[in-house]
Amino acid sequence: MTEPVAALTDFSLSLVRNGIRSQVLEHIDLQIWPGEILGLVGESGSGKSVLALSLLGLLPDTSHPQADGQVTVSGVDMVRASAAELRRVRAEVLGAIFQDPMTSLNPTMRIGRQIGEVTHAEAESVRLLETVGVRDAQLRLRVYPHELSGGLRQRVMAAIAVGALGERREGESNRPGLIVADEPTTALDVTVQAQLLEVLRELRDEFGCSVLLITHDLGVADKIADRLAVLHHGELVEIGQASDVVRNPQHDYTRSLLASRLSLTMPRDERFGGDTHGSEPAVSISDLRRTFLVRRGARWGRGRSREINAVDGVDLDIGQGEALAIVGESGSGKSTLLRIVAGLDKPTSGSVTLAGTGGPQMVFQDAGSSLTPWMTVGETLGERLRPLKVSRAEVRERVTAALAAVDLPPEVAKAHPGELSGGQRQRVVLARATMMPPAVLLCDEPTSALDASLAKSVLALIRDLRARIGMTVLFVTHDLAVARLMGDRIAVMQAGRVVELGPAEQVIAEPREPYTRTLLAAVPEIVGGAVS
Amino acid sequence: MTPILVPRGRLRPVSLGGARLTRPTAWVVVGLLALVTLVSVFARQLAPYDPIQPVGPINLPPLSHGHLLGTDGIGRDLLSRTLIGIQASWLSALVVVAIGLLIGGTIGLIAGATGGWVDSILLMRLTDLFLALPGALVAIAIVAALGSGLVNTLIGVSLVWWPYYARIVRGETKALAARPHVEAARLSGVGRSRIVTRHLLPGVVPTAVVSASLDIGNVVLLLAALSFLGLGQRAPAPELGADTARALSQLLSQWWVPGIPGITVLLLSLLANVGGDAIRNLIRVRR
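First to last, the sequence lines map onto chains A and D. Reading the first sequence from the start, the letters are residues 1 to 532 in the numbering used here. Reading the second sequence from the start, the letters are residues 1001 to 1287 in the numbering used here.
None of these hints come from the bench; they were simulated from the model. Just so we're clear, the structure is a prediction, and the values are computed from it rather than from any experiment. The reader is advised that the hints may include incorrect statements.
Claimed, not checked - In silico BS3-like pairs for lysine-lysine, Cα to Cα no more than 30 Å straight-line:
(1) Lys456(A) <-> Lys414(A)
(2) Lys389(A) <-> Lys414(A)
(3) Lys414(A) <-> Lys1174(D)
(4) Lys346(A) <-> Lys1174(D)
Go ahead and model the full structure; you've got the sequences and the hints to work with.
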């Protein structure tokens, strides 16, 4: 009979946040067996990251954790063990990969030294980096974390996690290790995500270590997890074989999670398609270029500088009332393009012509930081009415109407952005953008920071507002499913150029370009799901 | 008093061993700040005797009958002199810091919000110029040129004090200006001046107020140092630094005569520093 690598036994946990103690995990029973990949899914606030921290023995003292039951990793109680014991377990058994590899790597140390802390030999470091799919590993040892891309940083984290396990392996014990990966691919592009998931699976196959993969994306979990656990408000609502849970969910919450997933096959509104061409374009972009000068190793002005073509000759005409979705991976120039159309950045050459009067409005990726924190929602919305010089009563009335249009109650006008949830904030931003109907609405990944169910409702709202106002929409996203849902046409950008442009369904169903096909292939779709 | 005669840089805020003040303690400290301010405003009414005229036997020790803090070498009441001295130091420090905040804050806000050459050449190089000069020495030079006296001292110190605030406010403004909420406001059609006053300024205020309150202690010390050097008010007027300096020869025989004004300076600057910490804890920066 094998022992689990890690086990939670009737584990409950409460933490203090903002002076209020709240129950975060309730009566969790969960085992992680040697050599298995266990997926843990749940929306934000479900307690999945806290569970990971409990396993790593990293619960912050400042939140005064109070635990019932046990969390054991190779027999050690991770909540109550001494610091020395925790250190030993972490060194021998545990590896961790976090969501943001930039903050979990030391910015002042070269990659080689950071890996060297667990390998103690350069040859071993190189071998590890090669294991996790880093090319030119020898050269990479000399660089600092900020010189690597997000995907490469995550691989370095994986290499360190595995290196720690490898070190233990050379010792006498043969206990299998555990890698705790908390949303390791959330910040990554789909193609990089697919590669990293492959790396995790290979690590399991090669070293026999277990992986706890925490994710909000059921598609990701389905792709590589053996078993899948679903966490909801701190309770484990369902656990089973991954393919069973995904294709034949037993619990209502799992079903709703599956239903809220944005997939490439979800029903799509065709209301607007077709009749947009012929008329004068609402937005006309011609031969647009934007170059950034990047200094490398500048020392007294003698460093080499290099030009980066963020936008490299883009021609696009967007018809009146049309919605164009621009998809691309990070660094493809899609956000720069949008900022130039918004007038927030100037092109190096080329031109953008907007039909009609009044500037475009924009919805930002991070709604929280695009609202002024010390102004109430009412003040923020009211600012848009200032040019009209209307009476206070009318401002109040129109603010209430604008909030109602985005399904928010009038009381929200008195709230500060910090008091609202992420979804509410994005609705406020939408209200600000559309309360004086703009000719053109620019959206920069407005839902990428939201849970799927929230994202879905915000997307529905944008479609709804578009139908009501008849505005032209430019929608930038990295998510092909979102692009298909939101765009009449899709433009695929790569390295500053539009490589493919066509009707949304056609681009998704019959992509012409190899790059588009690569992107599509990397999307973790759930195939053969029995979703109502 | 020696190390602060000519302070080269500013003293760091007092660190209480890394422990943060708890909220009740912080309120007590803020209460003390208010009390000191009240005392300095009403010092004339509170003082039991005329601080300039001899009113009793010479060199009475503290806790003597009728003279709580004793008397000095010519029989003046030390309590009365200290109270009036507190008034001069504390109110002057407040005025200097307020002027510094106003000038420095305005320059920093404009520089940070405008950017470009206005920021890098016009305003910040000017600020650097002032920062590069040893502030206390320049203040001494200015006061010496203008002639000693309270108003001249305030002018001299204020002239060298604002660049510090310009730096702080500019940095803070630049960080805020990089946030998307400023771009969002621009796209909403909000004008330049309103962006500065409504979308940038309120975010800068907490940091500026905290730095200013930590800074009052520094100004108290600098003013004391200046008057110690004889650059404050003219002779009979009570001033903490000058009183300490004049009576220094009595330190071994009648310690309280130079000691009481000196200790008062120490306590004032300590209170200002701890007060800055307390205010920092009480202001919740909303971000």
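The hints, checked one at a time:
At most 30 Å may separate the alpha-carbon atoms for a hinted pair to count; Lys456(A) and Lys414(A) meet this at roughly 26 Å. Between Lys389(A) and Lys414(A) the alpha-carbon distance is near 21 Å, which keeps this suggested pair within the 30 Å criterion. Annotation: proposed proximity of Lys414(A) to Lys1174(D) holds, straight-line Cα distance about 28 Å (limit 30 Å). Between Lys346(A) and Lys1174(D), the direct Cα distance comes to roughly 20 Å. Compliance with the 30 Å bound is thereby established for this hinted pair.
In summary, this structure violates none of the numbered hints.
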